[in-house]
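Q: Here is how the chains run, residue by residue.
Number of protein chains: 2
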Amino acid sequence: MKSTAIKELLAKQPIGETVEVNGWVKTFRSNRFIALNDGSTLQNLQCVLDFEKFDESLLKQISTGAALKITGKLVESQGRGQSVEIQSDDVFVHGTADPETYPIQPKKHSLEFLREKAHLRVRTSTFSAVMRVRSALAFAIHSYFQQNGFYYMHAPIITGSDAEGAGEMFRVTTLDPKSPPVDEKGEVDYSQDFFAKETNLTVSGQLEAETYAMGLGKVYTFGPAFRAENSNTSRHLAEFWMIEPEMAFYDLDASMDLAEDFIKQVISYVLENCQEDLAFLEKRLLDEEKSKPQNERSDMALIEKLKFIVDNNFKRVTYTEAIDILKNSKPNKKKKFQFPINEWGADLQSEHERFLVEKHFKCPVILFDYPASIKAFYMRLNEDGKTVRAMDVLFPGIGELVGGSQREERLDVLQQKIKELDIDEKELWWYLDLRRFGTAIHSGFGLGFERLVQFATGMGNIRDVIPYPRSPQNAEF
Amino acid sequence: MKSTAIKELLAKQPIGETVEVNGWVKTFRSNRFIALNDGSTLQNLQCVLDFEKFDESLLKQISTGAALKITGKLVESQGRGQSVEIQSDDVFVHGTADPETYPIQPKKHSLEFLREKAHLRVRTSTFSAVMRVRSALAFAIHSYFQQNGFYYMHAPIITGSDAEGAGEMFRVTTLDPKSPPVDEKGEVDYSQDFFAKETNLTVSGQLEAETYAMGLGKVYTFGPAFRAENSNTSRHLAEFWMIEPEMAFYDLDASMDLAEDFIKQVISYVLENCQEDLAFLEKRLLDEEKSKPQNERSDMALIEKLKFIVDNNFKRVTYTEAIDILKNSKPNKKKKFQFPINEWGADLQSEHERFLVEKHFKCPVILFDYPASIKAFYMRLNEDGKTVRAMDVLFPGIGELVGGSQREERLDVLQQKIKELDIDEKELWWYLDLRRFGTAIHSGFGLGFERLVQFATGMGNIRDVIPYPRSPQNAEF
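Chains as they are written, first to last, in full-length UniProt numbering: chain B, 1 to 477; chain U, 1 to 477.
If we strip away everything but chain B, and leave its shape as in the complex, we get (with noise of 0.2 Å):
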């Protein structure tokens, strides 16, 4: 007989069938009911047990966290909170769960402590609800830009290009590590290594996209993303993944249209497809913030902010507009921002986009046409010479979401730009060369993904987004 999923019995409902399922065991209550979940679905099966079939020593057996097969016809509940139950026939036992050593028993635990057990945890209504969530954005994204006629590109992880600057890397090298070859002026040969170069891993498939989009059009990357920084905080990861899409014949505007449309759609699609597990984690945020003094807890609960982000339009102002409100709104008067905003030019912090974002508009914003030197060198330099073609996405309680901007398309400015940077023009050949050859204007922005699995899950700390998060100190399993 063929095991059927949770998910498909309980949207089909046989009733009167005999059925087979297997998961594992959330809670054994009376020597009789089983509620067993496989991971299929946030809900679970009850599985009705007459415990006069059994032997006392199978009953032993089952406590959560065991991993059972059970048969049995399905018929409809007697009891409340579920539709239909299972009665059961037989079961048979895959594998037990001593409750004196499974780490995941039936009562609250803490995120902390569920980070510590990351091979566990997923075996949680938070953690399967997040993860059935990430993996849904996931294709939501893909299926977006497929029916939107972009190609899918791998950008390379190992990169022997270190031009970004997007941030610190991490080297990847098969050298001895404790006597790595030397030259004849004393440093590391790498010429001796694995690539014959020093390589690291990328921090951003931006470059090589553009590659790409210069010769299909439309392409975007979805591939994981590295900064070496020691910033251990709720917002930051090691290892991420990031999406960068890359348009050719796209000004900031369309880009900035893309992307807007693009989050409305992703947002869409989870709001349709995982109705239980967002309104599982709405509660899970609102019982969360019950602890928090008012001020800090959300405005909207999480499907109401979902649905507000995708029936509003995202606000689009100009660095210099955001500059003028920043600098006379009532904290920046009232000394209340840790970084005074005095004048046009100043970086923006976290504190002034949450500031725009969620006091000032109260809804998302789009930012553009940033100081050119606040920004990368492959911007597009407006007409008035000092402003590039640049703009970040902020969203309430996540700040940056989106950062991207129109690519400097001509040689001219770009290889000067280059030189004032004293960035390596033989680094960027090929980069170069799309300038070179056939150049036009294009654009693109890169998403981090953990942001948004964030942001439509509720969840506070990044790390509770992700399977195996990476930060300093940590790469444990």
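Please keep in mind that the hints were generated in silico from the structure rather than gathered at the bench.
None of the values given here were measured: they were computed from a predicted structure.
Every residue, glycine too, gets a C-beta built ideally from N, C-alpha and C.
Wrong hints could be hidden among the right ones.
[As the list claims (entries may be wrong)] Covered stretches of chain U, going by a simulated chain B footprint (3 or more residues, C-beta under 8 Å):
1) 217-225
2) 349-358
3) 434-443
Based on the hints, put chain U in the right spot on chain B.
A: Frame of chain B, contents of chain U only:
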């Protein structure tokens, strides 16, 4: 006016409408006919110029590789080779491509030459076709799993675990490369490294995927994997993408059923959605093979071969049966194998796999129940005590496309095996926990994505199916 993708124009053919297209010049004939390509499709759009209407200086800027925006009326084409064309009213040159220096000219370039120009090669028909098929295959894989109740799981890329033993690893570090800190024993002091331990790039996400299957039921990974092996072959990459589904409550038979259905569905998807690209690649392959001796040419053309896979059952053969076939085979008796097959227990080499698939069975073969001694520690021991529930899916021309197994779910058997192999049990504490708490039969397999792309596109060298190949001494771009 909004631009339209050429793919869309050719599909909808809005005859009589004025349209705007962007793209790159493939060819420019008689100062009159531009073949414009924008990467959305293999097909070019013919744009006709009335050269008397345009400046000489503008016409001079139009050459292969130049990026143009063209506006004009879409009309039925009078010429042969296309159904519609644009009567160009306006031509804007985004960027030129000097014929003296632009490497991608309208002539045949060798694949080797184009590998040196990996940032430009996607502008050729061959590589754009390969990369569109690659993108479609990736989406087909996600779609298949999502529609079949699997959740996408991101396994960690940086791993502190080196127990899988699938191959040589790349070290990931931020320690001073020249004079790393050393401990009291004079060994490198990894406690001072970024993760406070020695870390490497993953060779497989399987072990972590198992932890998620034991909570979510059915999961799959799709991410990069790395092997620091010094193999400069047309079949190996140091960085490649891998898909690893892992299923709780699946035995090996169920896993073989899944692998076969999965491969067929994914190939069906590209047969349906990539007809033009496949037709082009089929022709390319035929041309390439014309220069080869008859006996080295493919038996079937590309599309016929893909259809054959979809329409025929994979042959399932035990290792023991395969050894009998090989022992009694002509090449073995005539000592034509480089590694003669003398006895049960021999590891199968590529030559043996190819004989079975290409000469003996003439169809994809799933070999299963291999000797324990030649397979990994985590594979489930059969009752005979000497074979394990391993399986490999072998494909014509490609060899091993999929490798998988039922996993050893019994704690004591697994511990014994780990001991025999002298693996440190402490390294695998979390993996063993899966057998301590709610263990159950489970299975999974790994598919090398680039091998699949090679098979679907007919490309002979694996470096030509990934944007930026990484191999010994090569990490350009």
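Q: Does each hint hold? Answer for all of them.
A: Status of the hints after comparison with the structure:
Counting residues of the stretch 217-225 of chain U whose CB falls under 8 Å from any CB of chain B gives 4; the rule of at least 3 is met. Interface restraint, the stretch 349-358 of chain U with chain B: violated (0 residues with C-beta to C-beta distance below 8 Å; minimum three). Check on the stretch 434-443 of chain U: 8 of its residues sit with their Cβ under 8 Å from a Cβ of chain B, so the three-residue criterion for coverage holds.
Hint violations for this structure: number 2 only, all remaining hints satisfied.
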